[in-house]
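For reference, the chains in residue letters:
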Amino acid sequence: MARLTFTGGIHPYDGKDLSKDKPMKAILPKGDLVYPMSQHIGAPAVPVVAKGDRVLTGQKIAEAGGFVSAPIYATVSGTVKVIEPRRVVTGDMVNCIVVENDGLYEEVDYGPCRQLEEMTKEEIVGKIREAGIVGMGGAGFPTHVKLSPKEPEKIEYVIANCAECEPYLTSDYRRMLEEPEKIVAGMKVILRLFDRAKGILAVEDNKPDCIEALKKLVKDEPDIQVKALQTKYPQGAERQLIYATTGRAINSSMLPADAGCIVDNVDTIVAINQAVRENKPLMHRIVTVTGDAVADPRNFIVRIGTNYHELIEEAGGFKTEPEKIVSGGPMMGFALFGLDVPTTKTSSALLCMTRDEVARYTPGPCINCGRCVEVCPGRVLPSKLADFAEHGEEEKFLAYHGMECCECGCCSYICPAKRPLTQEIKSMRKMQLAKKKK
Amino acid sequence: MSDLMKVSSNPHIRSKATTGSIMGAVVLSLLPATFFGVYNFGLHALLLILVTVASAVLTEYIYELLMKKRVTVYDLSATVTGLLLALNLPPGAPLWIGVVGSVFAILVVKMLFGGLGQNFMNPALGARCFLLISFTSIMTNFDCDAYTGATPLTALKAGETVNVMDMIVGHTGGTIGETSMVALVMGACLLILLDIIDLRIPGSYIVSFVIFLVLFGGRGFDSAYLSAQLAGGGLMLGAFFMATDYVTRPITKKGQYVFGIFLGIMTGIFRLFAPGAEGVSYAIILGNLLVPLIEKVTLPKAFGKGGEKA
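In order, the protein sequence lines correspond to chains A and B. All you need for our numbering is the position in the first sequence, starting with 1, plus 5. All you need for our numbering is the position in the second sequence, starting with 1, plus 5.
Read the hints as simulated data drawn from the structure, not as lab findings. Treat the hints with care, as some may be off.
Residues on chain B that point at chain A, a partial pick, calculated with CB under 8 angstroms [said to hold, decoys possible]:
id	residue
1	P16
2	A22
3	G122
4	T153
5	G154
6	A155
Pairs of lysine-lysine residues, derived as DSSO-like cross-links and limited to a Cα-Cα distance of at most 30 angstroms, are as follows [as the list claims (entries may be wrong)]:
id	chain 1	residue 1	chain 2	residue 2
7	B	K258	A	K151
8	B	K162	A	K423
9	B	K259	A	K401
10	B	K21	A	K440
11	A	K27	A	K193
12	B	K259	A	K224
13	B	K258	A	K401
14	B	K306	A	K232
15	A	K159	B	K306
16	A	K21	B	K21
Idealized CB from N, CA, C, for every residue including glycine.
Working from the sequences, and respecting the hints, build out all of it.
Shown next, in the form of structure tokens:
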């Protein structure tokens, strides 16, 4: 059988060896915790606490600002110090609630929890919405919206995105090795919502130990299967993942539900499990702190709101001065101006590189080599689109399927002329999306 | 640690291949044919090659200095152009032919259209055709110390018998770099192994050319005749090294097949029905002109719009 995959894609140096062999470590924050009101796609959350209020661990401090939005919870006990705009990973200033940690970690009472089998579907989705769960792979789309498709009876597959195709990231890997049962339990929760659906745990085949661990767990589960995918970036991109596992292809204007699929990331599924079975809101996430500048790269279980400086300290500080720090993976993450930003629901990694490959090269003229076309998973012509974007030729950009770009970065990575293709296309897409909204 | 780090849009890593490394690989893969040309034709061929390459590089350098543009000779693309042009010259041509050709290739075909990546025609071939038209007697005189008389392809067209083995190895008259099929295919294999080119264009070019000959050559499937046609003239040099020139071939995958088939048919027409014996250069140049159209009609369907299959 052909290996499950998609066409295009790249094989960059994966850097996973740096952090993959050390177990996850839970860390406690030392300084203030900062909670941006926008850690998700959609309306910002609205604070429900005021300066000077005492809050407990697990207490809601901001409520959803609309249907496509998510509430935010305190992850420590302490006092609300201030509510003001602060710098976040994207470089934007976002309204944040700042909580001074009292170090007591007094928790709220999460209340009793009914058995999964007794809960109604509405109750399950309600719990997920209340828990503030969003897509933790990086996009931050509110999960309850994803789990409320127009026609739930048409969902045939729930796909757990265990691909972890971004180089350097090993948080999903550690989770699958150390707590695979939580993923399977979370998958069962989601499957409760969709009567016809089967569960697929989709793992890249560079993680045979994870595949084995998961297979062992689901061997008596007729509705859940593990699928090994070819290791290739961006195997974990939603549309490519659906195609590789089910053979169904959706374009940018369709939702996974249109192909009968729901896709959730590993950490998200674990959070769903905790929310539904233990009534606990989303308060932690795993962050891979890695890169050749870090003394002791590893995965940490971090309370959301923890300052990035503290993560670096926990990883032994810098052994070499970093030239570039990225929040997220090297392909799709955000480069940081500085470390003084908080961990959010979507912070998958903190990558510290001693060398910035982007700055080393000066972009030259396109030689039309076609490598970007070969690697593009969206099957568009990146070099032409970037050209149209650069010259503001909007109609041509649209006619050449510019909106089908998923911004995975393969074209910029492969370009021998080192042209910032993804960047050009991204800016034009942003402009077009903004126009559509008007 | 300073709190202001380097920032840029994603992705933050880059592959190792650069324009310079690709051009370098092309030069490397042309070396077997170059060495064979020098061995076959002698010292004057070597001098001609050196002068042609040097004037191509110098032309680009001086132009960029005068125009106050960034000097780009380090990307080796001018070296490739110069070398390709040299391999397309008759071994006995005077040195000034190389200089004139290089200046035309770089200045007129490449730089005046905007430099690397902007030319719509392969500079080396553009220059070759310019020389062929302007200095026909020099460019079609393949007499030199080693060989006199007609090239094998001309002889073949006249109905004479040719030694196919000599043609495959390259012990025949012709331009400096085109005679040895063996050396050219060695270089082509290197290009394919290094992932610089693939077989879409050369494959469809050669296959469609052979089919055209079988259908219209009047000799049916005559393997000696077909081998002589494949090994003779500039077909191998053209198919593997010039039709695959990134800048002047279609970027779409389907378009590359269309382009290759077009070249095969045109080369067949030129070789069979035109007065001259050769047609590779003109076929490729005509093909170059059609690239924008080919790209337009072979625009791939995006993923999820019916274009997901490879």
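Report task. Please verify that hint: A22 (chain B), Cβ, nearest Cβ of chain A, below 8 angstroms or not. Result -> 5 angstroms, holds
Requested in this report: Please verify that hint: G122 (chain B), Cβ, nearest Cβ of chain A, below 8 angstroms or not.
Outcome: 4 angstroms, holds
Query raised in the report: Given the hint that K27 (chain A) pairs with K193 (chain A), does the C-alpha gap stay at or below 30 angstroms?
Result: At roughly 28 angstroms apart (the allowed maximum being 30 angstroms), K193 (chain A) and K27 (chain A) satisfy the hint.
Query raised in the report: For the pair supplied as a hint, K259 (chain B) and K224 (chain A), is the alpha-carbon distance within the 30 angstroms limit?
Result: This hinted pair is violated, its Cα atoms lying about 45 angstroms apart.
Requested in this report: With a cut-off of 30 angstroms on the C-alpha distance, tell me whether K159 (chain A) and K306 (chain B) pass.
Outcome: 27 angstroms, holds
Query - K21 (chain B) paired with K440 (chain A) [C-alpha distance capped at 30 angstroms] - result: Violated, at about 37 angstroms.
Query raised in the report: Does K21 (chain A) pair with K21 (chain B) here, judged by a C-alpha cut-off of 30 angstroms?
Result: 19 angstroms, holds
Requested in this report: Let me know if the C-beta of T153 (chain B) comes in closer than 8 angstroms to any C-beta of chain A, holds or violated.
Outcome: This hint is violated: T153 (chain B) lies away from chain A, its Cβ roughly 41 angstroms from the closest one there, beyond 8 angstroms.
Query raised in the report: Within a Cα-Cα threshold of 30 angstroms, do K259 (chain B) and K401 (chain A) meet the stated pairing?
Result: Since the Cα atoms of K259 (chain B) and K401 (chain A) sit roughly 20 angstroms apart, the hinted pair holds (cutoff 30 angstroms).
Query raised in the report: Are the Cα positions of K258 (chain B) and K151 (chain A) separated by 30 angstroms at most?
Result: Outside the cut-off at roughly 36 angstroms; violated.
**Report entry** Pair hint K162 (chain B) and K423 (chain A), alpha-carbon separation not exceeding 30 angstroms
**Finding:** It is violated: about 48 angstroms lies between the C-alpha atoms, which goes past 30 angstroms.
Requested in this report: Assess, step by step, whether the Cα of K306 (chain B) is no farther than 30 angstroms from the Cα of K232 (chain A), and give holds or violated.
Outcome: 28 angstroms, holds
Hints 4, 5, 6, 7, 8, 10 and 12 from the list above are not met by this structure, while the remaining hints are.
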